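Taken in order, these protein sequences are the chains called H and X. Numbers 1 to 1074, taken from the numbering used here, label the letters of the first sequence in order. Numbers 1 to 369, taken from the numbering used here, label the letters of the second sequence in order.
Just to be clear, a hint being listed does not mean it is correct.
As the list claims (entries may be wrong) - Pairs of lysine to any residue residues, derived as SDA-like cross-links and limited to a Cα-Cα distance of at most 20 Å, are as follows:
1. Lys-16(X) with Glu-554(H)
2. Lys-297(X) with Asp-333(H)
3. Lys-16(X) with Asp-333(H)
4. Lys-369(X) with Leu-339(X)
Treat the hints as calculated values from the structure; they're not laboratory data. Source: prediction; values computed, not measured.
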Amino acid sequence: MPKRNDIKKILVIGSGPIVIGQACEFDYSGTQACNALREEGYSVCLINSNPATIMTDPEFSDRTYIEPLHVEAIEKIIEQERPDALLPTLGGQTSLNLAVELSEAGILEKYNVELIGANLETIQVAEDRELFRNAMKEIGMNVPDGGCVHTLEEAEALQERIGFPLIIRPAFTLGGIGGSVVYNMEEYVPAVQWGLSASPVSEVLIEQSVLGWKEYELEIMRDGADNFVIICSIENLDPMGVHTGDSVTVAPAQTLTDTEYQALRDAAKKITRRVGVETGGANIQFAVNPDNGDMVVIEMNPRVSRSSALASKATGFPIAKIAAKLAVGYRLDEITNDITRKTPACFEPSIDYVVVKVPRWDFEKFPGNDRRLNSQMKSVGEAMGIGRTFKEALGKTLRSLENGWSGFHANNMPDYREMSREALTDDLRFGTPDRLLKLWQAFSIGMTPEELFDITKIDIWFLQNLHQMYDFETYLATAAKTPEGIDTETLRRAKQLGFSDKHLGILMGADELSVREMRKNAGIVPSYKIVDTCAAEFESFTPYFYSTYDEENESIRSDRKKVIILGGGPNRIGQGIEFDYCCVHGILALKSLGIEAIMINCNPETVSTDYDVADKLYFEPLTYEDVLNIIELEKPDGIITQFGGQTPLKLAIPLEKAGVPFWGTSPDSIDLAEDRDRFGALLNKLGIPQPQGGTARSIEEALKVSERIGYPLMVRPSYVLGGRAMEIVYDQNGLKQYMTSAVTASEDHPVLLDRFLENAFEFDVDAICDGEHTEICGMMQHIEEAGVHSGDSMAVMPPYLLSMSQHEDLKEYTRQMAKALNVKGLINIQFAIIYDTIYVIEVNPRASRTVPFVSKVTGTPFAKLAVEVMSGKTLDEIGYTFNDRLPYVAVKESVFPFDRFEKADIFLRPEMRSTGEVMGISSNFGASVFKAFQATNVQIPKTGTVFISVNEGDRSRMLPIARELDKLGWKIMATRGNAEFMTTRGLPVKPVLKVSEGRPNIIDHIKNNEIDLIIKTPLGQRSRTDEYAIGWAAIKSRVAFITTLSAAEAILRGLRTYSRKPFEYKCLQEYYGK
Amino acid sequence: MNQQPTKARLVLSDGKVFQGLSLGKTGATVGEVVFNTAMTGYQEILTDPSYHFQIITMTYPQIGNYGVNPTDFESRRIYASGFVIREYSPVVSNWQADRSLDDYLKHYDIVGISDLDTRALTRHIRDQGAQMGIITTEDTPVEELIARIQESPKLVGRNIVQEVTAAEPYDWPLNPVPPPEEPHPYRVAVYDFGIKFSILRILHDLGCTLRVFPAHTPAEEILAWEPDGIFLSNGPGDPEPVEKAVASVRKLLGKKPIFGICLGIQILGLALGGKTSKLKFGHHGANHPVKHLPTGKVEITSQNHGFVVDIDSLPKDDVKITHINLNDGTLEGFKHKSLRAFAVQYHPESAPGPHDSHYLFQQFIEDMK
Ligand SMILES: Nc1ncnc2c1ncn2[C@@H]1O[C@H](COP(=O)(O)OP(=O)(O)O)[C@@H](O)[C@H]1O
Ligand SMILES: Nc1ncnc2c1ncn2[C@@H]1O[C@H](COP(=O)(O)OP(=O)(O)O)[C@@H](O)[C@H]1O
Ligand SMILES: [Mg+2]
Ligand SMILES: [Mg+2]
């Protein structure tokens, strides 16, 4: 069937802010889908609360709403827009759940909106774990013994029947949130309770655990004519028990015979039909018993997913794009495979390489939490590597992670050497973020793959392959010590096995550069092969490459003018989708200038690694070695390092030394901005104030600096992003303690100390400079005071508390610094203002995290302009000038992963811990703040009960807030001190007990859903345990939790607006007046 | 990994040389070099008699991972004349495995080669067409090797079915099994042009009593066994020289329902007056989309053939095209409009490959009813 003509306008719901379990892979799929639908002539109306996405750029859909993903907002938008259809399968779990809500609330019916891509029943059968289990049994599939429960009593009865260990998984959730493995009754009850509260429908599935079985995933597609194909099979290196999102995964499956693989395929087909996925993609997870091949079904997701994004990148098959086309009526055989241009999309990709994905975690940001992996996903990003063999791919992926690893080894890491066999074994049994290095360590103390299999249940094939790498490493280390050294053949073999130059350097006692030289002298350079979906059976046209050390090179340099953009690598807290946004715009700009755009990146979740985006895509690690290899082949006219965040900046100086031509701000200027001493001197010269500061490489030096500038101090390692290991210290003890723990975090860079500016307003300014002339892109004011990382704080654009003269000063300072740093492209400056003094906190001579937000608010694609500037145009020629009079207000709010870390300190700090952001936009501040808050997925009702608990210093400022809440009809609860304070000032307050004072205490009230809002500022060290417990209870019960008074004031303004009249919803195109 | 492995070379008739390491037996072997894009199923592929006289290159780079097991074989030995892979896995990981691939190759004296750029080789074959080649672990100069290739018999125009067909008729299953609970109601006479056991297994499971006949068996002898249906099997090489079989099938047409697979469709096509020709590099893999024209549905199929029935050569009045290959539009299946005979070019028994096309066996059963 060709495409449908009875629908004209399609509503697409995005996945909202980046959270653990739902990240920028949905921007990748959503962007593809929007493009595909518009290509077919449909009008696309998009709702997504995340301003950092490419998909919310106004040119990717006809009507772009950056609004909360709530039924209330969506209903309004549906009423305004009257779409014919809703496509809910491309915005992750969020969009799917909303489709169910909209459907069940009768809204879709009321406005006559058809669900396409998946119908209600399909979603329910797949997502409701009970319906799914029953459906599976009905078609003769095996599922682990167990059942679904809705109450604790049911759960207890079930447990009695099937015993321990058990696995608990809530329905309609993502990333395994609320899930756990339990071994005894003591763990069981709270685990069930948590699961029930995590599930939007209060349903959990409790199943007998099949820990240690092999875990597989199949990515499938089906069209309206029941054509069915498998796009990719994925085998998890970490067996059942570790969430797939946290597992090292390998495509295709490695250890299944064809008979076994086809059994999975047959099962997948049956399941797809039964669940009723009529058009689009889905994934199905299976567990296979390694002892006898028994297979059970774990789950199905009737939508594109994290793994479908991975599968698309792994095979070259664009699942989301095809899914969108199927949803509007096409059949698989009616769509052409872009890569071959001749054969249809109705086939199963055959790949002739191996793909390895390794997750990346940020446990360091959540100290005190158990680092063991389980069925609840905790990783924040991933890197993918492609090689001709598992070993090569793994080596490439490990060095892509940017966590200091240079391959499969822990040679330079003293922590590993000191580990006892017991501790090692224990960690290995459960899995930790560094499980692979621990396996290396285990080999190095003589443990065998067989022993390790018994401990980890990781398939022996993987263990043996790792052992081969270990063995070869030992051989290399020995050979390196002989007078002849490592011969050419051995060196080539090492490269084929995925050893990095850096790793080889460690073994040879040489530096990376000399290994590189030696390797090149021996004629050992990589070749590049094409990812073509068909294992070379057909000629392919898509320039999607990976490196290997096989003979034939397929990447042919063109004679066009060309520029390479370095991407941001794996997502991590502090460096995520925002940077990919900039890279993609950079690519588009280069293309529109007629320049060949070449992209290098290794993050499979991104839009920049969509082979459709750049003229040439190299899916490669962002290391000196791998990047320079590509540069030597392509000989570009320039490389751009200012879009990929800190990752490319780290490479800038070494690459410049290697003679690489740069586009944009020079590496020396980057160094000037990053180097405290040089930068301090510059500011002095310009007469721009900055907090007093100093640099220290030892405790002694640090103490000396502190004597000079006094406390409190802001301390941090140099060259970090997202405020890693950044802290405020109030006295000598604090400083000493920090200096002993921070040294590991700083590698060979020193520690920076600054006077901490208390109660200062913070501002973010983004600007663009052509080397001469500077224009502001946007100015944002933070709602929280300085001391809360800019990536974590709420920010308003335009600023709401800024005098005319301060405004002018900020602009002037920005101009001076941009000029002095000789910026070509983007620059970001953070300022703090106390009384009348403006201080510079930091300058980033590159695209910052705020570029997408600022671009979205103003409707100006700044990354694009930056490329034009880099290409030699002046701002005058481009014709851009700053407009500081916006007829609307936009607020950015951050989203935190505290729900995954029981022991998280939820008070905001200078260290960034948010994973994503949302935006609220409207004609007034109050509504924008409130929308932004709503978009973070916590509900605040118009009235309810608020629990207020602030420290003494904050009480007087809290009082008007409490009064106002009282006036709005809120009931107030507080513990003794605060209650007394308010009562004596005439406010009706219900006192509650602290945790230590008996029961029922505040925690009980939270758990009983008696509290709708918590305003709580830190009470200091003594109350930490209570605070953790309250925070965790609030997070589990999803109660809004506000930790600063400035945020409370802002929210209050929102509440006031909210209680007066309903919000308006307008699309960006309208805001821009287009 | 660190002892010196034996070196090997693959030399193609056009002079292209690939260096690698020895796999399986040392020595030399000559055959037509083809590539297969299936990512699983090397054991089935190696034992498929249709690969007789061919050197198989696996495009998937990691081979041997799950070893070799006592069930997934398609004949009693390895038929391929050589095996080319990117990386051999000495590690065997699968509960069913009872030996390694290398042991298996050695046991059947198969010369193989690993650790070469199989993608480069595949691209070469794709662009230049399938050609003869030699794998050797010896130091022989390239010119001599090419001469050896030239001297050795060619694939086109030669009847190599006779080298793989059964010497005598036999009954399936091979090992006596307990008698079925229900008697097998359909008697199927199977022409063995190099049959894969999976076909026999499926027909058996569907209730057929099977007798397998050598390729040269005359029609009369087949009919004397009083079959309900006749099956034409897959097999290696060029169908045209398999003249006796073509003649027998011509005689059998209309007498009993006929079903053919792979070489079977070519024999049937020739018997109906069609023509066959050689494809540039054949279809060998498990991901080929085939459209079933009557329903419009697409099946993902397992394929293994170098020759094909020319789609326009079949008598249009008698024959209806039922399946075509969506990648290149070649013929994948037809049926006779009036006589009960149909055939497909691909492998509905898969092994290895998807099970999308099992319905064809059912259709054969229906024809026999
Ligand atoms: N019965 C089980 N025994 C052991 N581990 C399990 C079982 N069921 C699920 N798991 C583990 O829990 C993880 C998460 O479960 P899954 O249903 O896939 O949740 P999600 O919807 O978050 O992907 C799986 O990836 C698997 O490793
Ligand atoms: N001297 C200071 N006084 C007060 N707050 C500061 C000071 N220096 C940094 N901060 C706070 O710490 C946050 C992170 O510091 P910043 O230098 O921007 O680090 P990053 O490189 O991680 O962006 C800032 O957003 C600001 O809120
Ligand atoms: Mg899952
Ligand atoms: Mg900052």
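ask   = Going through the earlier hints one by one, which of them does the structure break, listed in rising order?
value = As far as the earlier hints go, only 3 is violated by this structure.
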